[in-house]
Amino acid sequence: MTELLVKNACVIDPLNRISMEIMDLPIRDGRIVESVSSVADVIDAQGCLTLPGGIDSHSHVCGTKVNFGRYMSPEDMRAGRTARRGKMHVTSGYYVPTTFGNSYRYSTMGYTTVLEGAMAPLEARHTHEEFTATPHQDMMANTLFDGNWAIMEAVQKHDVRKAAAIVAWTLSAVKGYSIKLTNPGGTEAWGWGEDVSSVHEQVPNFNVTPAEIITTMIQANELLHLPHSVHLHCNNLGKPGNFQTTLETFDLVPDSNNGRQTLYATHVQFHAYGGTTWQNINSKAEEISRSVNAKPQIVMDMGQIMFGRTMTMTADGPMEFNLYRLHHNKWSNHDVELETGSGIIPVLYSKKSLVNCVMWAIGLELALLTKNPYQCLLATDNPNGAPFVKYPEIIGLLMSKRYRDEECATLHSGTGQRTVISSIDREMDWNEIAIMTRAGQAKALGIITQGKGHLGLGAEADVAIYPIRCRDVDPSTEYRKVTEGFQKTMYTIKRGRVIARNGEVIVEGANSTFWVNPSVPEEINVADDPEFVKKFKEYYTVRMSNYPVQDVYLPRGKCIRTEAMR
Amino acid sequence: MHQDGGDAVRVILETKNRSKPFLPIEAESIIPRNFLKGTDLTVYEGNKERDLSELFWIFVEGTAVSPDKVEVVLKGDTARIKRVGEYMDTGAIRIVGNIGMHCGNFMSGGLIEIGGNADAWLGREMLDGSIICHGNAGHYCASGYRGEKHGMKGGRVEVMGNAGDFCAEYLTGGEVYIHGNCGDMAGVEMKGGHLIIGGDATRPCGNMKDGTCTIFGTVRRMLPTFKKIGMQLLPEPQITMEVYTGDIANRGKGTLMVKPFGSA
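In the order they appear, the protein sequences are chains A and B.
In terms of our numbering, the first sequence has 159 at position 159, counting the first letter as 1, and numbering is strictly consecutive.
So the mapping is simple: our numbering equals the position in the second sequence, first residue as 1, plus 566.
For the record, the hints were derived by calculation from the structure and aren't laboratory data.
Take these hints with a grain of salt, some might be off.
In silico lysine-lysine, DSS-like type, Cα no more than 30 Å apart, as pairs [claimed, not checked]:
no.	chain 1	residue 1	chain 2	residue 2
1	B	794	A	351
2	A	352	B	582
3	B	582	B	641
4	B	614	A	87
5	A	488	A	371
6	B	775	B	719
7	A	87	B	794
8	B	757	A	352
9	B	719	A	351
10	A	330	B	715
11	B	757	B	825
12	B	819	B	794
13	A	352	B	586
14	A	295	A	352
15	A	352	B	719
16	B	825	B	719
17	B	757	B	793
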């Protein structure tokens, strides 16, 4: 039995409606409890801001795609180098750091849970190996189904139960967490040198449309009672005028779950562009957030970009090729058999570029114009918009109109005409920031029942204590204190164990990987479906029996079972 | 020799015998400017930090007040000492024998003279100053580092012997003169500057964007993506060269000068 008492904590816990209360947090065996004995270790938080551990609901930190980014950019390994120190391994890299680099930096920022944004099912083993090497964060993997041939055949036959059965088999085989659709249909079309340019355009060879894929997968997701909703990267990412596609997509979404959203739309900043060319691109954040404000069934994340060098990586192959044609820098594309694809290129977001400035403004506008902070979460689609180490700056920008104005003054002079950022006066408060960085994420990912995202009785004791006296600091003027404070916790506690102190990680990690095993009725289990088995044998390069990820890849796996169709 | 002038200092570093002579030494601290304040410097031997005096016999002759009057001489078994002269901006380093990898990285001024051979990455991403190597140079002489888009940007590297593969990769400015032969892919991805090869080369200047490469020896496996645009008589030595432009596969505008086949 290990006990810990955090005293004098200024707690903000939106899910339990606690706002800046000075209180004690007793912790026993990794859980928040009523009280602890007098022999418990004591941490004095000195009245500093104490939040549930941070959750990143969309980040690319593990897997083949990220690793390919690493080997495409050996020059990045010259940045961010730290020597071995105490329990810390050597790290290097800035926008695609080593797995330990990611883990330590998340830990020192108070983040304890991360969802990997896109895992190709066929390459799941690698992802799980890297999860194990990201030792201080509990991990989950969005599993890609956007170009899955079996799914598209089921969609074509309007067979939701079949689609659900395929999802169930795949998720349990690859130990995935949720359904990810990346440019649904588009990545498959890219295998034939094409793309889809609207949700109602046919995917070549399959006679289905992205709209049909999205709606069928939403139904399948709810049929399986998965903890998270469908996680969607809309079609037409990064194209001027794409906000129409995004709005059309949002209009497809029914409200079919009482506990959470029915659609998680990720990095919406990249999907909120007006205009027709890069010359006349402008912000359509108002239209997008108006739609989201009217639809409680949708949650989005910002996909904020921050200026500087980074790497874009996504399963959206055709989009990366378009980017390559703009930049003529390094580029890679990858095809994952019957499942999906990917693309990677490095980018530099510059204040001299009007397009980049408009993108920067759109992300912030989305967050500020969305009324309910549970519906617009803070993320940069790490590392696509910016490496996650920029989150504290984004928090500063959201909390301070003055900081935004100062930044706007340094941007390309045309930014004001294309955006509305300078007319927005909203300044977020501590509670809203806590929602956008932990409570909202926990709710959207469906992990509140796993004890994440709050500090109520029985919750997992993931706690972040920041050196900010939030009662004395005025974020709208003292935003530097805010950004500095969020960069480095005084203490990051994971499952009741202090893992980081003042920016130093002090223990070896022992994370868990959450995965979902939905059980479906025997008669529709695809493992016994002769057609599915035959196609698998014909088209895959691996045998169906070798496809599932063995338990040894998840040394601390946590299985969430769901009952489908009951 | 400069004992009483007070206007120049020579620091002689002679290697001591080491119990593990194959362990590399990382010696980015060996640059002339650092010796103005004495010889109290550290280097890494493997993963252990060592005082300079643990690895070298140190002799100091004379005194100086400005770094450009500092000369560092390295003697003995120096072939495994890496990163000598990294970020050096003035003064001189003379190496009597061979030198290890990454000699003269990012150098922005001064002179490095190597009596023997240099290992790989000689003068990598150099900005200015000059390096003379009397022996051979290893691979990636005067190039960029892995993944970097710009190699050497200025200054001069002269190698009296041969150079290895990828000589002057991503060369962006300055001059590289190899008197002997080059290995494979000399001047690949060149973006500027001047590469002169006295001897032979194989597959030179692939994906060249700009700059000039002159080869006096035999070119093996000349790339087909270079277009001949004429002949030119060089002022010195007086040889008529064939002039090619390329690499046209990627709309490059570089100049590749090659001695006509069969000429003396």
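Outcome of the hint check:
no.: 1; hint: B:794 / A:351; verdict: 43 Å, violated
no.: 2; hint: A:352 / B:582; verdict: 55 Å, violated
no.: 3; hint: B:582 / B:641; verdict: 10 Å, holds
no.: 4; hint: B:614 / A:87; verdict: 19 Å, holds
no.: 5; hint: A:488 / A:371; verdict: 29 Å, holds
no.: 6; hint: B:775 / B:719; verdict: 15 Å, holds
no.: 7; hint: A:87 / B:794; verdict: 61 Å, violated
no.: 8; hint: B:757 / A:352; verdict: 24 Å, holds
no.: 9; hint: B:719 / A:351; verdict: 26 Å, holds
no.: 10; hint: A:330 / B:715; verdict: 10 Å, holds
no.: 11; hint: B:757 / B:825; verdict: 22 Å, holds
no.: 12; hint: B:819 / B:794; verdict: 12 Å, holds
no.: 13; hint: A:352 / B:586; verdict: 53 Å, violated
no.: 14; hint: A:295 / A:352; verdict: 36 Å, violated
no.: 15; hint: A:352 / B:719; verdict: 25 Å, holds
no.: 16; hint: B:825 / B:719; verdict: 27 Å, holds
no.: 17; hint: B:757 / B:793; verdict: 18 Å, holds
In summary, the structure is inconsistent with hints 1, 2, 7, 13 and 14 from the numbered list given earlier, while agreeing with the others.
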